[in-house]
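Asker: So you can see what is in the structure, the chains are spelled out below.
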Amino acid sequence: EAGVAQSPRYKIIEKRQSVAFWCNPISGHATLYWYQQILGQGPKLLIQFQNNGVVDDSQLPKDRFSAERLKGVDSTLKIQPAKLEDSAVYLCASSLIDSNSPLHFGNGTRLTVT
Amino acid sequence: SQQGEEDPQALSIQEGENATMNCSYKTSINNLQWYRQNSGRGLVHLILIRSNEREKHSGRLRVTLDTSKKSSSLLITASRAADTASYFCATGTGANSKLTFGKGITLSVRP
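Chains as they are written, first to last, in this note's numbering: chain A, 1 to 114; chain B, 1 to 111.
Keep in mind that the hints were calculated from the coordinates and are not lab data. Do not rely on the hints blindly, as some may be mistaken.
[Stated by the list, open to error] Okay, derived cross-link-like pairs now, PhoX-like style, lysine-lysine, Cα gap no bigger than 25 Å in a straight line:
id, chain 1, residue 1, chain 2, residue 2
1, A, Lys-15, A, Lys-62
2, B, Lys-56, B, Lys-103
3, B, Lys-26, A, Lys-15
4, B, Lys-26, A, Lys-44
5, A, Lys-15, A, Lys-83
6, B, Lys-26, B, Lys-103
7, A, Lys-44, A, Lys-62
8, A, Lys-44, A, Lys-11
9, A, Lys-44, A, Lys-83
10, B, Lys-103, A, Lys-44
11, A, Lys-83, B, Lys-103
12, A, Lys-15, A, Lys-78
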């Protein structure tokens, strides 16, 4: 099966600019996740979708971050405006049902904010 | 906030030796999962153990779970240089089994 696809692979922007990341999950997977991984740390959940509904967005900085999952398939994560502390790898993952089943991760987008 | 805390933070062993990594957590869980991450790549799922299970095996991997001590261990037997990576434990909690990751363990296997 094809894995989780993410783009772009790398992005460099200046602070206060906006940026968007795209994710296409594994076909048939109901749940999609966006994680933020700062260098040297474990991934932190930003938002979890089940089909096209939001299950958990308690750690999403909603004043600057937004995410949507169109038609319950692919998803975009946007940051506007970016801050220096947003420099991180943004990982998308999907699972067949929910977090009681294994998560399949994409290779991530490495964001550098200067 | 971190739920799982891995120990040690870093581990260096010789090829062929066994590697043991530990994870402790604070609240009740539905499941506990271990993942591997190679440099510059996404995480790869290794094994999932449910709260009513005590031990699981997958190839050279053995995971134990002690819910009374709120801890888990991952054993990699007969390690290989290719096992060099970061390893994360993740705990699933709540109605949706929200998955929370620890900070990870860096494993280096010397050829």
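Asker: Hint by hint, say whether it matches the structure.
Answerer: Status of the hints after comparison with the structure:
1. A:Lys-15 / A:Lys-62: With Cα atoms ~17 Å apart, Lys-15 of chain A and Lys-62 of chain A stay inside 25 Å; holds.
2. B:Lys-56 / B:Lys-103: Given that 25 Å is the threshold and the Cα spacing comes to 23 Å, the pair holds.
3. B:Lys-26 / A:Lys-15: Answer violated: Lys-26 of chain B to Lys-15 of chain A is near 37 Å, above 25 Å.
4. B:Lys-26 / A:Lys-44: Satisfied, since the Cα-Cα distance of roughly 17 Å is no more than 25 Å.
5. A:Lys-15 / A:Lys-83: Given that 25 Å is the threshold and the Cα spacing comes to 5 Å, the pair holds.
6. B:Lys-26 / B:Lys-103: Roughly 15 Å separates the two Cα atoms, so the pair holds.
7. A:Lys-44 / A:Lys-62: holds, 15 Å
8. A:Lys-44 / A:Lys-11: holds, 20 Å
9. A:Lys-44 / A:Lys-83: holds, 17 Å
10. B:Lys-103 / A:Lys-44: holds, 10 Å
11. A:Lys-83 / B:Lys-103: holds, 23 Å
12. A:Lys-15 / A:Lys-78: holds, 14 Å
In this structure, only the earlier hint numbered 3 is contradicted, and the remaining ones agree with it.
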